[in-house]
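Generate the whole structure from the sequences, applying the supplied hints.
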Amino acid sequence: MNGAGDIESIFRNFTVVTLIQVGLIVAGAWLLAVLSQRALTWLAGRFSGRLRLNLLAAVPVLRLLIIALTLALIVPRVIKPTFENLVALLGALGLALGFAFKDYISSLIAGIVTLYEMPYRPGDWIEVNGAYGEVKTINMRATEIVTPDDTVVVIPHLKLWDQLIFNANDGGPSLLCVADFYLHPHHDAALVKHVLYDVALTSTFLKLGQPINVIVLEKPWGTHYRVKAYPIDPRQQFDFLTDLTVRGKAALISLGIEFAAAPVAAQFSP
Amino acid sequence: MTPTTSTEANAQPVWEFVSITGYDVPSAPVGQTVKQRLALLRHIFGRVDAPPEDPLKKTDDLRALPPLQLDRIAPLPNWQDAAVALDLKLADWLEQQKPDPWIILLVGPPYGGHAGILASWAEQKAWPVLDPPSPEQVLAGDDAWLSELANTGGSWVCPNLERAYLRHAAGLGPVRAFLDRASAGDLGRGIIGCDSWAWAFLQRAWRGRLPIVLALQAFDQARLTHHFQQLAVAANASELIFCQSDTGHYVLPPPGADQEAHKSSNFLQLLAAYSRGIPGIAWAGWRASLRKEQEGTQAEKALVENQVDLRRTIWVTPWDQLKKPAMPGVSRHDEAVVLHTLLLHNGLTLELMRQILPLLPTRVTETVARLQEAGFIAQDGAAWRVTPLGYPPARQFLQDVGYLADQF
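Chain order of the listed sequences is B and E.
To convert, note that position 12 of the first sequence is 12 in our numbering; the numbers rise steadily by one, no gaps.
To convert, note that position 247 of the second sequence is 247 in our numbering; the numbers rise steadily by one, no gaps.
Fair warning: there could be bad hints in the mix.
Stated by the list, open to error - Here are the simulated SDA-like pairs of lysine to any residue, each with C-alpha atoms no more than 25 Å apart in a straight line:
hint, chain 1, residue 1, chain 2, residue 2
1, E, Lys125, E, Gly188
2, B, Lys207, E, Leu139
3, B, Lys193, E, Gly208
4, B, Lys193, E, Arg209
5, B, Lys207, E, Asp400
6, B, Lys207, E, Leu404
7, B, Lys193, E, Gly141
8, B, Lys249, E, Leu352
9, B, Lys80, B, Val16
10, E, Lys324, B, Gly45
11, B, Lys193, E, Arg204
Don't read these hints as lab results, they were simulated from the structure.
Shown next as structure tokens:
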């Protein structure tokens, strides 16, 4: 009886008015969160560069603030907000939810850590477990990315604890692209390096002012060139790579340089 | 704002050449900057500005000036005075027997007049002018155009360096070879004119010893006042009065009157800020803003050529009401690529754009048509160029989306 009496003493007396108030607060918070997300995403679509990324990054932060504010408004209406009451309630809730929704709660907590540590933000290009794409939204439980093939991949924040997360631009507009060229070994490597540098320099997708590097690697089957450069906008990375490849091939062919043939991996015996 | 007196206007020379780092872009009044930001927000949200109420002269009562009269009041700038100022700036360098460096670079933004100034200067000094190579020569890496320099006697002017390259993998060889030889003194003493956007790009494509780089100082309000007054005087139209149509405030100081007693408009300050101090853009904005009262009688038409017609008030459209190109709120990649490429080359033909842009030919044509419709580009002979009034918003747009911009 004492236990039941203690629990009763934690909560306030529920009235219809209290329930309506809580309902209105939850509905208002939900509406505010949805509207702010849509408005900021819409506004971000009208800008480019760092301003776009900052607007997108503000979405989850704003939602966290809305949730915190909602809890701050609801809790005093539901329980008597003393220290003992809060400890008792949170302890009971933690025990119950810890068993029933362990992974779910872990994802929620990882979601909050994501907002604090920011291993990725909306607008970043990340790879998790082999899935590569642009972060579109960071929800409470999971992050949604869109792959270059326009497929949405939902990644639970839980992955944050034990998976490697590759972030290609880390909140900024600079994303390194690498275009590969495989050439027959008999050619003037200095000339090819110079030509490929100019191919990158003259690309309309290039972010001028960022470094361009051409790496040359000798392999048993030929010479491997890696052209490293930055596009103006991370979203242009595939157009940029296509442009480098198309114009690079044209420039090399015009110089009469041969491309490496794929080595024969195996031969069928009769 | 403080009215500009003719004393202030005369205190500084209209044409002044400075180091490129000394270029001082005129600033707009703070209130105007806030208004521009608000207008941008309204534009993003699809709102249209309402016209002001109770103007002194209604827009419907005014009409654009006939082209002939416009050409008399605001004729094309004569670059001779600028060439004289350039000659003064170069005097020490010209006196050196073995100059160090061998080349001087005059960099100017689009419509900054650098080519016209250098052509005029070369004519005054009887220096040979080097014609740029054709695009076919550039792409073929042909340096035959440099053979002209063999007969110049060691002094030459190349007014359009932006024509000596193309942003193409095969389009940088000639300009690099030229700059290498010129900066080493192999070609003698030379003055090179280059568009500011092309120079911003070439600084990343050519890594030689940088020459002395000069620029025409920006035209601020005082310079514009003096310049437009000079143009009117040269056109024998000094009796004209230029007033802002909504307030009646004087845009140019009225001739022979006590200027302090009259209210002045800040139109020229706004024009200087919008044009970033570029004389060709300010000139285009000035011409676009001039209006006269709607009369339309036969007598009026007969007097267009007459001096009597010039003794009238010319009404200047308020800056906010002047139609200027505006980029659609949603940023578009194709538009940015075409605008940036046109600026890097100070204009290109449609064929060349199709050749060097990574877009399908049909998309190039569509984008060019869209930009033309929006007033950002126009055909100048065979080449397409960014329009004077379209240049400032185009520059802002390109800068916002992360493209390399010039230093002006």
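Worksheet entry | Numbers of unmet hints, in rising order | none
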